Amino acid sequence: MRRSSDLAMSALTVATAGSMAAALWLIFLVAPEERVMGAVQKIFYVHVPLAAITFLSVFLLLTGAAGYLWTRRAGFDHLSIASAEVGWLFCTLVLVTGPIWAKPAWGVWWTWEAKLTTTLVLWLLLAGILLARAYASTPEQGARIASVLGVIAALDVPIVYKAVDWWRGQHPIVFGPGKTDPLAPGMLAALLVSMGAFLLLFALLVAVRARLAAEEDRLAALLEAAARSR
Amino acid sequence: MKSYAFLFWGYAAVWAGLTIYLIALGRRLSRVSRRLDALERRGGGRDGSAT
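Line order of the protein sequences matches chains C and R.
Counted from 1, the first sequence has number 105 at position 105 by the numbering used here; the numbering is strictly sequential.
Counted from 1, the second sequence has number 1025 at position 25 by the numbering used here; the numbering is strictly sequential.
Be a bit skeptical, because a hint or two may be false.
To be verified - Computed, partial: chain R to chain C, Cβ under 7 Å:
(1) Y1004
(2) F1006
(3) F1008
(4) G1010
(5) A1012
(6) V1014
(7) I1020
(8) Y1021
(9) I1023
(10) A1024
(11) R1028
(12) L1029
(13) V1032
(14) L1036
Simulated from the structure, these hints should not be mistaken for laboratory data.
Since the model is a prediction, treat every value here as computed from it, not as a measurement.
Even glycine gets a Cβ: it sits at the ideal position worked out from N, Cα and C.
Model the full structure from these sequences, guided by the hints.
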């Protein structure tokens, strides 16, 4: 069982590395440079996948949180731990790459625009989940608080997605109605391959983090049993 | 030229963040595995039976 899971993890690692190399090739050597913004527009090819996968991580977090609150099964809690931590990392990278693009494009690093502000709220909620896990008096209490915060984070995701429509923000719309110009074919291919590569990377990180959570649980159980037997 | 500097820092930030997280994750995983192995050697088992 463990051996087949190791094999799957190795296959996932190879697929991630290959697709990431393909994405970088398309981004830097195939996709044309945008006429108005120039080279800095290429940040878009990592910023957009990271943002989309942050949303996916919150969906997985909600699945894990709801599953844990309903069944109290450890597997759901491991999924919740892994997706919150990796989602927080991806959300952090969204909030770092966004301002690096915004400074040359808008002239400011940060503005309290609706999409940016609601994304910052999402980041704070994910950070709150990690802090609740780290500082709760018992792991069960941490899991309960994290599950409730996970549900609140999931409620924030549609608000982030629709923020530009609801509050007429200046953030560009990449998907869905209201989208500005269509992407050039080279740009679209780079974006899609980059999206696939980051999706594989996310799956790999979540799988490894969930395995770590399972091993930590096993270690805690062993230590408890050893202490009882003394 | 300035545009390329922003592009460089954008990608550097992403790769630095991911690399730091991967290293931290690997170290945490190997620390837990080492402690589990030590407990196993002292008579426990990975199935959760420590005695």
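Check each numbered hint from earlier against the structure, then list the numbers of those it violates in ascending order.
-> 3, 5, 7, 9, 10
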